[in-house]
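Colleague: With the hints as extra help, turn the sequences into a complete structure.
So the sequence lines, in the order shown, correspond to chains A and B.
Residues in the first sequence are numbered from 1 upward in steps of one, following the numbering used here.
Residues in the second sequence are numbered from 1 upward in steps of one, following the numbering used here.
Rather than coming from a laboratory, the hints here were simulated on the basis of the structure.
Please note that the accuracy of each hint is not assured.
Heads up, simulated EDC-like pairs for lysine to aspartate or glutamate below, C-alpha to C-alpha not over 16 angstroms straight-line [said to hold, decoys possible]:
(1) B:K187 <-> A:D65
(2) B:K180 <-> A:E25
(3) B:K172 <-> B:E162
(4) B:K172 <-> A:D26
(5) B:K181 <-> B:E133
(6) B:K180 <-> A:D26
(7) B:K187 <-> B:E127
(8) B:K79 <-> B:D13
(9) B:K25 <-> A:E58
(10) B:K181 <-> A:E25
(11) B:K38 <-> B:E51
(12) B:K64 <-> A:D65
(13) B:K187 <-> B:E133
(14) B:K180 <-> A:D5
(15) B:K25 <-> A:D65
(16) A:K10 <-> A:E20
(17) B:K180 <-> A:D30
(18) B:K181 <-> A:D26
(19) B:K180 <-> A:E31
(20) B:K187 <-> A:D30
(21) B:K172 <-> A:E25
(22) B:K172 <-> A:D65
The residues making up each chain are set out below.
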Amino acid sequence: MKQIDDLFLKDHYSDLTPSEQTLIEDLCSDEVSFQQVKVLVTRSMNVLPVSPPAHLLEALNQTFDQTYPEPSAKGMRPRMFNLFISSAVAASLLIFFAIYLFNSTSTPEEQTARVNKQIERKHNPAPNKQLAKKTTAPNQPLVAELPQVIHSDPPPSDDGIITPSDEPLALAAEPQEEAKSLEIRGTRSDYSVLPSEATFVSKLPSSNTYEWTAVDKNIESSSVVIANVPSRKRSNLEPKRLNTSLLLKQIKPVY
Amino acid sequence: MRGLKSGFSHFSDEELMLAIRQGEKTAFNELYQRYSGKLYGYMLKLLWYNEVRAQDLLQDLFTKIITQPHLFDTNRNFKTWVYTIASNLCKNEFKRNEVRKNTSNGLDNHYHVSGAEDVEQTVTDWEFKAALEEELMKLDDKHREVFILKHIDGLSIKEISEIVGINEGTVKSRLFYAIKKLATELKMFELVER
Numbered sequence: 001m002k003q004i005d006d007l008f009l010k011d012h013y014s015d016l017t018p019s020e021q022t023l024i025e026d027l028c029s030d031e032v033s034f035q036q037v038k039v040l041v042t043r044s045m046n047v048l049p050v051s052p053p054a055h056l057l058e059a060l061n062q063t064f065d066q067t068y069p070e071p072s073a074k075g076m077r078p079r080m081f082n083l084f085i086s087s088a089v090a091a092s093l094l095i096f097f098a099i100y101l102f103n104s105t106s107t108p109e110e111q112t113a114r115v116n117k118q119i120e121r122k123h124n125p126a127p128n129k130q131l132a133k134k135t136t137a138p139n140q141p142l143v144a145e146l147p148q149v150i151h152s153d154p155p156p157s158d159d160g161i162i163t164p165s166d167e168p169l170a171l172a173a174e175p176q177e178e179a180k181s182l183e184i185r186g187t188r189s190d191y192s193v194l195p196s197e198a199t200f201v202s203k204l205p206s207s208n209t210y211e212w213t214a215v216d217k218n219i220e221s222s223s224v225v226i227a228n229v230p231s232r233k234r235s236n237l238e239p240k241r242l243n244t245s246l247l248l249k250q251i252k253p254v255y
Numbered sequence: 001m002r003g004l005k006s007g008f009s010h011f012s013d014e015e016l017m018l019a020i021r022q023g024e025k026t027a028f029n030e031l032y033q034r035y036s037g038k039l040y041g042y043m044l045k046l047l048w049y050n051e052v053r054a055q056d057l058l059q060d061l062f063t064k065i066i067t068q069p070h071l072f073d074t075n076r077n078f079k080t081w082v083y084t085i086a087s088n089l090c091k092n093e094f095k096r097n098e099v100r101k102n103t104s105n106g107l108d109n110h111y112h113v114s115g116a117e118d119v120e121q122t123v124t125d126w127e128f129k130a131a132l133e134e135e136l137m138k139l140d141d142k143h144r145e146v147f148i149l150k151h152i153d154g155l156s157i158k159e160i161s162e163i164v165g166i167n168e169g170t171v172k173s174r175l176f177y178a179i180k181k182l183a184t185e186l187k188m189f190e191l192v193e194r
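Modeller: Quick look at the structure:
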């Protein structure tokens, strides 16, 4: 058919060869009919195509958006990247604020002021004195009664083995001239109180008990006697404290 | 946007369909630009220039391309496939609405037919087009369809046989008949051309 179309590109019917004329004899057999078909074939191709209205494309684009709502994978990458960046910024801000706050609370001036306050409290515990007396007074009989209870216990066994139940008796039997009553005051968390010798208040040598005190959390810097523990030597009962800071300093890094 | 458009302009129809499957809107727009005008004209002629129906069918066709692009076998020719769908849509429209019964002399009432005296006054492309369309409406559906596909849309005999579902010999015979009929009816243009 392509060949037939090409035949009509020729100007006249007489330009066709006999074989070509035979090929199109069904369509045209003379010059007049040839020209008629030629006009039809050539001009039909030039018929301008009509264009559909614009709203049709808009409607189709909407349909497309509904059918494929998700963005492509390329679009997801920037979103993930933004999320990562924002989280990193937030984390760095948190770290910065934490460092800033730590530094602001532990300035040298404030630290010295705090230490001075603590020292003042220790030397002038005026408001807590009455409370301390009140708390220690009812405990006095307990301290007095405790040796009696110890002496009322049966004598230790003859085999010489000291059982945990026998320990108080053994302790009572030993000479206890060195024993001292020590009263430790302050909060349990305040470790600075413990090693300092100034905090140990020596009592009369007749007392052979330690007076452990604890702080009532509701009343600041108030002390309450928990119990009086008999002991033969202070050094034996008090747990040995390791100077960890010194030990850590002694450790040399190995590279 | 233009850059993307030009990116798809060198794609074949089949490649565009693959891109549409992956949700590339620009590929769809490129395909629409290539075929919307031709298909709209084809449908208009088959539906006796009923614009509303032609637009509806064109929208249905492209909606099918959007929603069911997997129906297209990429090993096939897209042009043949899309014209087959258009042809079937129009045939279904014939059956459903019995369009011919509602038209006078095969023409839609909305379509203005130029009189013979108008054609004789000034012969222009537009007038030839109008006269051709008028004569096309007078043809049978089967002859009209083949003529439009061959001489207006520029499809090959093989493609037409695939679209219409007939053998190539039948396409040729129908085409010959249509040309002869139309050429006879439009002989006044041949006279003017001289």
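Colleague: Each hint: holds or not?
Modeller: Against the structure, the hints:
A distance of roughly 50 angstroms separates the Cα atoms of K187 of chain B and D65 of chain A; the hinted pair therefore is violated under the 16 angstroms criterion. Distance check on the hinted pair: K180 of chain B and E25 of chain A sit about 11 angstroms apart at the alpha-carbon level, within 16 angstroms; holds. The hinted pair formed by K172 of chain B and E162 of chain B meets the criterion: a straight-line CA distance of about 13 angstroms does not exceed 16 angstroms. About 11 angstroms separates the Cα atoms of K172 of chain B and D26 of chain A, which keeps this hinted pair within 16 angstroms; it holds.
A C-alpha spacing of about 13 angstroms is found between K181 of chain B and E133 of chain B, which places the hinted pair at or below 16 angstroms, so the restraint holds. Taking the CA atoms of K180 of chain B and D26 of chain A, the gap is about 8 angstroms. The hint holds against a cut of 16 angstroms. Pair hint K187 of chain B plus E127 of chain B holds up; C-alpha atoms about 14 angstroms apart against a cutoff of 16 angstroms. Taking the CA atoms of K79 of chain B and D13 of chain B, the gap is near 8 angstroms; set against the 16 angstroms cutoff, the hint holds.
Proposed proximity of K25 of chain B and E58 of chain A is supported: the alpha carbons are some 12 angstroms apart, at most 16 angstroms. Note on K181 of chain B and E25 of chain A: the hinted pairing holds, with a Cα-Cα distance of about 14 angstroms set against a maximum of 16 angstroms. A hinted pair counts as satisfied when its Cα atoms are at most 16 angstroms apart, and K38 of chain B with E51 of chain B qualifies at roughly 14 angstroms. Distance restraint check for K64 of chain B and D65 of chain A: the Cα-Cα separation of roughly 14 angstroms lies within the 16 angstroms cut-off, and the hinted pair is therefore satisfied.
Note on K187 of chain B and E133 of chain B: the hinted pairing holds, with a Cα-Cα distance of about 15 angstroms set against a maximum of 16 angstroms. Only pairs whose Cα atoms come within 16 angstroms are accepted, and K180 of chain B paired with D5 of chain A is accepted, the gap being roughly 14 angstroms. This hinted pair checks out: K25 of chain B and D65 of chain A have alpha carbons roughly 8 angstroms apart, not beyond 16 angstroms. Taking the CA atoms of K10 of chain A and E20 of chain A, the gap is about 11 angstroms. The hint holds against a cut of 16 angstroms.
Of the supplied pair hints, the one linking K180 of chain B and D30 of chain A holds, its CA atoms being roughly 13 angstroms apart against a limit of 16 angstroms. Between K181 of chain B and D26 of chain A the CA atoms are separated by roughly 12 angstroms; this keeps the pair inside 16 angstroms, and the hint holds. As the CA atoms of K180 of chain B and E31 of chain A are separated by approximately 14 angstroms, the hinted pair is consistent with the 16 angstroms bound. For the hint linking K187 of chain B to D30 of chain A, the alpha-carbon distance of about 13 angstroms falls within 16 angstroms, and the restraint holds.
Proposed proximity of K172 of chain B and E25 of chain A is supported: the alpha carbons are some 14 angstroms apart, at most 16 angstroms. A distance of roughly 43 angstroms separates the Cα atoms of K172 of chain B and D65 of chain A; the hinted pair therefore is violated under the 16 angstroms criterion.
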